[in-house]
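Colleague: Chains as they are written, first to last, in my numbering: chain D, 1 to 353; chain Z, 1 to 353; chain F, 1 to 353; chain E, 1 to 353.
Hints listed in this document are in silico derivations from the structure and should not be mistaken for laboratory results. Glycine included, C-beta positions come from ideal geometry on N, C-alpha and C. A hint or two may mislead.
Stated by the list, open to error - Quick list of the computed label-pair ranges, beta carbon to beta carbon:
#  : chain 1 : residue 1 : chain 2 : residue 2 : range
1  : Z       : A234      : D       : W177      : 27 to 35 Å
2  : F       : R316      : D       : G278      : 36 to 44 Å
3  : E       : G151      : D       : W177      : 38 to 46 Å
4  : F       : E149      : Z       : S350      : 57 to 65 Å
5  : F       : G278      : D       : V218      : 45 to 53 Å
6  : E       : A181      : F       : E149      : 31 to 39 Å
7  : E       : F15       : D       : S261      : 40 to 48 Å
8  : D       : P291      : F       : G278      : 50 to 58 Å
9  : E       : P33       : D       : S261      : 27 to 35 Å
10 : D       : P291      : E       : E123      : 32 to 40 Å
11 : E       : A14       : D       : A314      : 48 to 56 Å
12 : D       : L351      : E       : A14       : 15 to 23 Å
13 : F       : G278      : E       : V176      : 18 to 26 Å
14 : F       : E149      : E       : D206      : 42 to 50 Å
Number of protein chains: 4
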Amino acid sequence: MTVETPGVGLLGYAFMGRAHAHALITLGHMTGPPPIRPRLVSVAGRDEARRAEFAVRFGFERAVEGWQEVVDDPDVEIVENLLPNNLHAEPVIAAARAGKHVLCEKPLALDAAEARAMLAAAEDAGVVHMCAFNYRFVPAVRRARDMIEAGELGDIHHFRGVYRQSWGADPSREGVWRFDAAQAGGGALGDLATHVIDMSRYLVGDVESVAAEVATFVPGRTVDDAAAAAVRFAGGAVGTIEATRFATGNLNRFTWEVNGSKGSLAFDLERPAELVVGGTRTLVNPDGWWPPGHVLGWEHTFVFELRRFLDAVAGRGSVAPHGATFADGVRASEVADAIVVSAREGRRVSLPA
Amino acid sequence: MTVETPGVGLLGYAFMGRAHAHALITLGHMTGPPPIRPRLVSVAGRDEARRAEFAVRFGFERAVEGWQEVVDDPDVEIVENLLPNNLHAEPVIAAARAGKHVLCEKPLALDAAEARAMLAAAEDAGVVHMCAFNYRFVPAVRRARDMIEAGELGDIHHFRGVYRQSWGADPSREGVWRFDAAQAGGGALGDLATHVIDMSRYLVGDVESVAAEVATFVPGRTVDDAAAAAVRFAGGAVGTIEATRFATGNLNRFTWEVNGSKGSLAFDLERPAELVVGGTRTLVNPDGWWPPGHVLGWEHTFVFELRRFLDAVAGRGSVAPHGATFADGVRASEVADAIVVSAREGRRVSLPA
Amino acid sequence: MTVETPGVGLLGYAFMGRAHAHALITLGHMTGPPPIRPRLVSVAGRDEARRAEFAVRFGFERAVEGWQEVVDDPDVEIVENLLPNNLHAEPVIAAARAGKHVLCEKPLALDAAEARAMLAAAEDAGVVHMCAFNYRFVPAVRRARDMIEAGELGDIHHFRGVYRQSWGADPSREGVWRFDAAQAGGGALGDLATHVIDMSRYLVGDVESVAAEVATFVPGRTVDDAAAAAVRFAGGAVGTIEATRFATGNLNRFTWEVNGSKGSLAFDLERPAELVVGGTRTLVNPDGWWPPGHVLGWEHTFVFELRRFLDAVAGRGSVAPHGATFADGVRASEVADAIVVSAREGRRVSLPA
Amino acid sequence: MTVETPGVGLLGYAFMGRAHAHALITLGHMTGPPPIRPRLVSVAGRDEARRAEFAVRFGFERAVEGWQEVVDDPDVEIVENLLPNNLHAEPVIAAARAGKHVLCEKPLALDAAEARAMLAAAEDAGVVHMCAFNYRFVPAVRRARDMIEAGELGDIHHFRGVYRQSWGADPSREGVWRFDAAQAGGGALGDLATHVIDMSRYLVGDVESVAAEVATFVPGRTVDDAAAAAVRFAGGAVGTIEATRFATGNLNRFTWEVNGSKGSLAFDLERPAELVVGGTRTLVNPDGWWPPGHVLGWEHTFVFELRRFLDAVAGRGSVAPHGATFADGVRASEVADAIVVSAREGRRVSLPA
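Isolated chain D (complex conformation):
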C-alpha cells in the first residue's frame, strides 16, 4: 500500500486554517482508497506565537511569516489560500505561476475582474484550481444534485436560498475584517450570498439575471449587511437569493428549496445530515463513513472537498463538476457584482452567457 504524501502549504491559521488542517489530517485515515496522507509542510501567518502553536498542534513542519515563503517552498506542491479576501489574488497568482496547485477560500476575489485574473493565471500555468465552496460537499447536497441530474425532480421551476446569520449587529464584532470593504470587498453579499449563488448554480444551473436590493443597516459601515434578489435561471427557473447578517436568532442557517415538476427538495445547513425529499426528512451519510443515522457535521465538508482536490491533483478525475473551480468562483463574483449593480441602478442585470 503506497501512501501519497503531497506537500501542502496553508496561508492562514485562524478559523479556516483549523478547519482545513483538521480535514487534511482526517482524510488521511478516513477516506480512500487509495490512501493520501498530506505532508503538512508550511503554514504562514503574521503572529509568531500563534503560527508556532498552530504548527505544533497540527504537525506542520514549518511556520513562516509571509505567504511568499510558502509559495517559494520547494516542498509545497499545493497552496491553500485562507486569508482575508483582499489577500486572495496576489498569492494565488504567484503560486500558480510557481506551478503550485491552488485552492482559494470564497469569495474568490474582491470582484469579478480580480477573480478572472486568478482564473487566467491558473489556466495559463496549467495547475489544478479550486474555489472552496465547501457546501457542495455536504453529502445531502451531493444527493440533491444527483437526484436533480438524474431527472428525479423533473423540470426545475424554483430555487430559493436564504443564508441567515445574526452577528451583524453584535458590537463585540466591530472591527473584524469582514466589516471593512477594503479587506472584504462586500459584506453578507461576498461572505454569505456567494455560497447561495454557487449552490443555486450547482443545483439548478447558471444564473441568467438578477433584480436586487442591497442594504446596510448600520450607518457608516462600508459593507452591505444584507442582500436580496429575484433571480431568473438559464434553464427557466425563477427564484430568490438572499443573505443577511441580521436574522436575529439564527446562527448559520443557510436554507434552500428546489421545486421541480416531479418533486421538491429542502435543506437547512443547521441540520446538515438531512435532506427533505418531498416532505420526508432523510438522513444522508456518505458511503464508507459511519452507518446511516450516525450523522456527520459541518467540518466534514472540508474533508470531502480536500479529498476531491487532492484526487484531482493526483490525476484521479477533475475538480468539476462536484467541486467548484476558479471558473465557478468567477461566476459567483459576477453574479454578486450584478446584484450590486442592480441594486444601485434600479434595474435587472443580465449575466453574460
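With chain D's structure known, arrange chains Z, F and E on it following the hints.
Modeller: Below, chains Z, F and E alone, put in the same frame as chain D:
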C-alpha cells in the same frame, strides 16, 4: 340579551361561499358579547339546483340568480362579494351606491385602477368596506402584529414571505377561472402574492419598491404561474415576496419570517395555530375560545374577520387597522401591478407614498 | 330535501357543552348528505344565569336545572352527558331506561364496574350508545387506522403514546373537580390516559397486560398526577402508555407512534391535521370539507363524532368500529383500573380476553 | 509546549475501532491545552489483512492477532476494549491486573455479575476505568445535565427515553454477533437500552425500580428485539425506558425528554447538535471548536470521551461524574438485568440502593 341580526347577502356559493356562511353561523354562538346572529337573507349564484341546496343547507331565506337581486333586496344590509375577480367591481360599486356595507374577496379587483374605483364608491357612499385578507385574522398573525407594534422585535430588518401551492400543473384543474386572465386578472400573483403583500404591510408597514420576476411555466397560459420580488419597505426593511402554484408537494404553505433587531418570528399557514418566536414554537389560541393547546384551523380566520366587519357595521370600532379595508385592497393591487411592470420592464418600480 | 331534526338534550354547559353544541350546529350545514339539523331541545346546568345565556347563545329551546328534566323531556331523543365523571352513570342509566340514545363523555365512569352497569343498561334498553373518545375522529387518526387495517404497516410491533399536559402544578387550578377523587375518579389516568388507551386499542387492538407506575407529585392530592405503563397487546405488539399533567411547557400534546414491519406512523394532537407517514408529514383533510392544506382544528373531532352518532341513531351504520361504544368505554376503564392495581401491587396485570 | 504521548492499544478494528482511532487522532490537534497526542501503539484483531490495513491507515505501530499481546505490550499504558460483549471481561481484567488503564465499550459485560468482576479488578489494580457510554459526551447532553444540576428545571418529574433502530428485521444482518446471545448477552436491551438507562441516570439520577416487557419478534432468535419499562427513579420521578430494533424508518433515533417543575428538555440523537429547551431548539457547540451554528456530529462524542479519559489518566480530574466509570457500567447492567427479571416474572423489580 338583545341579539343583533344584520341582514347579509352572499354573492357566490362555492368554496368561499361555504367558508363565509359557516363563519357567519359560527360567530353567532362562539363570539361576543354582544351577541350577533346574522340574518342569512339571500345567496346569489348561477346554478339553480346548487344555490337552492346551499340555501337550505346554510339556512338562507332566498336563493337568487343574479347579484343585482341581492343588491336590491331591502332586507340585505351587507353584501359579501365572493365571485371571481372580474365580477368584483360592478356588484360592489352598485351595492355601495345602494347603501350596503360591502365585503369583497381578495384580490379586490383585476387591477389597481379598478380597485380605486371601488374604494371611491365605498367612501362616497359612506359604507363600511373590507377586503377579505383573512390571514390577518389568524390568531398567531395577530399576536405577531401586536408584538411588532409593541416594539418587542425592535427595528425590523427583514420580511420574507413565500406562498407555495402546487396545483398549477394539475391537468384536472385546466379550465378553472383562475387560469383565465379575463376572469382572474393575474395568476399566482393576484391569488396568492396579494396575500403575501398584504401580510407584509400588516406586519412591517408599507412597500416602497419592488424588483421582480414573473413567470408562466405552461405555454399558452394567459396568467402567471409564479412571481418573485426583492422588496424594500418604507420603514427600511428589505426582503422577498414570492408566490407560486408550482411548489410540488406543498398544498397551501404560506410561510413568512420577520427579523428584527431584538428578535425573529416565523409562521406557516399549514400550522396556523403556531407562532415561532425566536425559535420557540408557541401555540396561539384566541381568548374565549378553547383552552390553549386545543388548536383552531383555517376556517376560523373567517369567523374573526366577519366578527370584526359586523362590529364595524354596528359601530363598535373600525375595520382597520386589524382588518383590511378597500384602501388596503387598493394598495395590494398597486404592489401587484408594480411587480408586473417591474418584471416586464426590467426595472425597480417605486410605489407612490 | 328532507332534513332530519333529532331532539338533543345536553347535560352540562361548560367546556364540553360549548364544544358539543358548536358541533351539533356545524354538522347541520357542513356534513352529509343526508342533511341532519339537530333540534337543540334542552340544556341542563346548575347556574341559572349561565344556562340561560348558553341556551340563547346556542339556540336551545329550554334551559333546566337538573338532568332528570332532560331525561324526562319527550322532545329529547338523545341525551349527551358532559358532566363530571361522578355524574356519568346515574343520568345515563336513567336516560337509557327512558329509551333515549346516550352519548357520554370519557372516561365512561369512575371505574370499570360502574362502566359495565352503564353498558348493561344501554344494551338492555336497545339504545344507541357512544363513549366520546373524540380523538378517534381526527381525520389523521382515521387515516392511520385505515392504513393499519389495510395492512400497509405490516405486522405491528410497537405503540407508544404519551399525553402531556402541564397544568397539574398550576395553583390557580386547585379546587377544580378534576383534582377531587370523589368527582373525577382518577387524575391524569382517567382524564388523559384513557384517551391513550382507547387510541391504542383503536389502532393496534386490545391490551393484554400492563406493568405500571402511578405517581402523585403534590402531597395531599387525592388523584394521580401521572401514570406510565409498559404494555403488551393481544396482537403481539409491545409499547408504552403514559399520561401526565406535569409535562411543563406542553399544553395538550398527545403524541403517539406506531411501528409496523412495513412502516411507521406518528401523530401529535397539537398538529392535528398532520399524519407523519414514514417520516413524511402529510396533511389530512376529510372529504367534502375544505381543499387539502386548509387545515381543520381540534373542535372538528366533535363534528365527525356527533355525525357518526346521529347517523347510527338514524339507522345509517353503527357507532363501532370507528366510534367508541360503551363497550369501548368499559374496556378503557378496565385497562385504567389494571394500571392502578399494577402500580399498587407491583405486578403485571393481565386483562380478561 | 510539552506534548503528552500516552501509549494506547486497541482491541478491535471494526466500526468502534475506526471511531476510537479517529477520535484519538482528532483530540491531538482539536482539544486542549494541554496537548495530548496519543501514541498509537498496537491494534489487535483476527484478520491479518484487515488489521494491517487498519494500522497503516491510522498510524498504529503494530498490528497483532490476540488481545493478550496488547495487554502484554510494555508500550501500552491504556487498553481500549472494543470487542463483542462476550470478550469484554477477560481482556479488561487481565489489562487491569497488568496495570493498564482500561476503557471498555458498552454494555460493560454480558450481565451484572460479570460487570462487577471487572469493576473489582480495576479498583483492585487502582487503574483508571471508563465504560464508553459516549452519549454523555454529546455537547447538548452535557448542557442538559448542567442545567438540571443547576436547578434550572426545578424538581424532576419525568424522564422518557426511546432508542429506535430498524435493522432488526433486515435479513442481510442475520448472523451478526449482535443477534447471538452467547456473544451479545442481550439484544436491543444490552445494545440500546443500556444507553437509555445510563442517560437517565446521568440526567435524573439513579433508577429505583422497573416494571417491564421484553419481546422477541423473530421466532428462534436468542436475543430480545425490544424492551419497554415503566421506571421509578430514586429522586421521585417516573417515566419510561424503551429500546427497539423494530422501529421501521428510524435509523438511530435515540430521543429523550425530561420534564421538571420549572421547564422541560428534549433531545434527538439524529439531531445531536440540538437541545430543545422549553420548546426552543438551541444549537449547542462546545467551547473552542467551531463558532456556534457550525454543528458537530456523532463521531465527536468519542473525541470528548477519550479526552476526558486521557485527562483522568494524566491526573487532571476523574472520569466521573461526566464520564461513566465501570461502576456506572455495573449499574446499567443491573438495571438491564432487572428489566429481564421483571418481564419474565411479571413483577416490579427494585434495584438495590
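Colleague: For this structure, which hints from the list above don't hold up?
Modeller: 8, 9, 11, 12
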